[in-house]
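**Student:** Single-letter residue listing:
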Amino acid sequence: MHVYKLLKDWLEVWALIIPISVLLFKPKQPFVHRPIIIYLFLALVFNTAANIIWKTSYLYELPKWLESNNYIYNLHAVVRFYLFAWFFTLIDRKTYPIVKKLIPLLFTLFLIINFIWAEDFFFFDKLSNRLHAVEAGLLLIYSLMFYWSKLQFEHISITKSEGFWVVTGLAIFVLTSFPIYLYYELSLRENIEIAIDLWQVQKVAFLLFCIFIAKAFYDMDSKQRHAIITNS
Amino acid sequence: MTWIQNSVTQLLQIASSGNTKLQVAITIGLLLLLFGSFLLALVFSQKKRLQYQKDMQVLREAQQNQLIESAVRSEEVERHRIAETLHDEVGAILSSAKLHIQAINPLCLEGRDKELHDRGKQLLDEGIQKVRGISHNLHSSILKEFGLNEAIRHFMNNTIQGTVIKANAELDDSYTTLNAENDISIYRMIQELLNNIIKHANPDQIIVSSKFENNDLLIVIWHNGKGLSHQEFEALRYRKEGLGLKNIQNRVILLKGHIFFSSEPEGYQVKIHIPIKSPET
Chain X
1 MHVYKLLKDW LEVWALIIPI SVLLFKPKQP FVHRPIIIYL FLALVFNTAA
51 NIIWKTSYLY ELPKWLESNN YIYNLHAVVR FYLFAWFFTL IDRKTYPIVK
101 KLIPLLFTLF LIINFIWAED FFFFDKLSNR LHAVEAGLLL IYSLMFYWSK
151 LQFEHISITK SEGFWVVTGL AIFVLTSFPI YLYYELSLRE NIEIAIDLWQ
201 VQKVAFLLFC IFIAKAFYDM DSKQRHAIIT NS
Chain L
1 MTWIQNSVTQ LLQIASSGNT KLQVAITIGL LLLLFGSFLL ALVFSQKKRL
51 QYQKDMQVLR EAQQNQLIES AVRSEEVERH RIAETLHDEV GAILSSAKLH
101 IQAINPLCLE GRDKELHDRG KQLLDEGIQK VRGISHNLHS SILKEFGLNE
151 AIRHFMNNTI QGTVIKANAE LDDSYTTLNA ENDISIYRMI QELLNNIIKH
201 ANPDQIIVSS KFENNDLLIV IWHNGKGLSH QEFEALRYRK EGLGLKNIQN
251 RVILLKGHIF FSSEPEGYQV KIHIPIKSPE T
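Protein sequences, first through last, are from chains X and L.
When the letters of the first sequence are read in order and numbered with our numbering, they come out as residues 1 to 232.
When the letters of the second sequence are read in order and numbered with our numbering, they come out as residues 1 to 281.
Derived from the structure by calculation, the hints contain no laboratory data.
Every residue gets a Cβ at the ideal spot worked out from N, C-alpha and C, and that includes glycine.
Some clues are possibly wrong.
Derived EDC-like pairs (lysine to aspartate or glutamate); straight-line CA-CA distance at most 20 Å [what the hints assert, rightly or not]: (1) L:K47 to X:E193; (2) L:K21 to X:E185; (3) L:K144 to L:D118; (4) L:K144 to L:E126; (5) L:K130 to L:D113; (6) L:K98 to L:E75; (7) L:K21 to X:E119; (8) L:K21 to X:E162; (9) X:K64 to X:E119; (10) L:K256 to L:E181; (11) X:K94 to X:E185; (12) L:K21 to X:D197; (13) L:K277 to L:E234; (14) L:K98 to L:D125; (15) L:K256 to L:E75.
Taking CB as the label site, the calculated pair distances span [to be verified]: (16) X:I156 to L:H154: 28 to 34 Å; (17) L:E61 to X:I113: 38 to 44 Å; (18) L:N179 to X:L144: 28 to 34 Å; (19) X:K94 to L:V220: 27 to 33 Å; (20) L:L42 to X:K28: 44 to 50 Å; (21) X:F25 to L:L42: 28 to 34 Å; (22) L:L34 to X:K28: 34 to 40 Å; (23) X:T56 to L:L34: 38 to 44 Å; (24) X:L105 to L:K246: 36 to 42 Å; (25) L:L34 to X:K160: 35 to 41 Å; (26) X:L102 to L:H230: 44 to 50 Å; (27) X:F25 to L:V220: 38 to 44 Å; (28) L:L22 to X:K94: 53 to 59 Å.
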């Protein structure tokens, strides 16, 4: 039971080890995977820090800014959005270029307006479900645009196309997260246990996301790809 | 249908019950179901479209091959017609002229007249030889009678004769003709390539070699002149004046083979790889 709890609590950290360990066997990845690789390492830092704060904040006397990990989750969401926006631009530069440039601008505008007038980025009591919901929604739009462009323009099977597994993993993650963030505040008000249970569902979706990224890394045959990181 | 109605009613009841956990679970479930269905529909529709495109591509290639085949065959028919006309008509006229000249008694001629008579006879002999040579090249009768290797050797001897070029034919005699029509195409390609090499590359040495293994015929033409790289070949075969190279490429397509031009340290080589199949297959 103790091991199960340990695994459950630290899922957001060890899930990231799966794709990172695949990188050890397949180090030569295409340039389009660069934002994902950066994301994985940053996410590992964010999630480890968030978990350490969660596990230690009530045990020790810590400085005020280390009492809550919500701002780390906020930061994680912002970084994830920009890195995946970069990934979607790299993976297909030809289709919807204006929309792809417009979405990060809108997100930046939202960040400025929301965190100047509506919310506090470093609010200690709860994470910004509004930020997370907007981030998930916009990433979902990117994912749907990817599928749509593949349907219209691609001449090879979509499952074999570059980015399919990453985008599908991301789509499952954001689809699961979106309603959780929408109901998060309500569930906190109603019963904190509900919020914890919902968070567990989101963790499972995150695990799936990491497995899909690992699959994308594993499928990469470095000999057939010319735009590899080492050459770029 | 009743169970669908019951399920919808139950879902609506849950939605209005205020049970947040269930509401979220149902929302996530519905969203994932919707996404899964969308993804499946996308994969299947794309698979169907790709299959259609593949079928169309096969059809286009078949049509293109048919066009190439008829062009190559009609070219061959035309060559035969010209060869027969040259041999039967021009050759016959020249032979008849030779007979007429031979009928003139050289003893009756003196000085300049005798000189002109001998020169005329010599020119007629040369003309008859040339017509026969051209006619044989066009007709490919040696190919039909003695096979591809002998035809290549004969063509090399005839073409190189009278030049300073050293030519070797190192041909694999284990090759036997399975499809005479294909052999004509292979022979025409070698003719065209050798003619081009002699005309444009200015070589001292030419080696034509072949290897027949596992129903695959590999022909390598090596020379030490100024040849073509594969990029140059690709560029030239689309030019109007590059008709010979275009014909070579068409014949390669027709034979479902490959041709590759390359630069070697001591010269240039052309590799022609042809799968050999009997006409039934």
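**Student:** Which of the numbered hints are not met once you compare them with the structure shown?
**Tutor:** 1, 3, 4, 5, 6, 7, 8, 11, 13, 16, 17, 18, 19, 20, 24, 25 and 28
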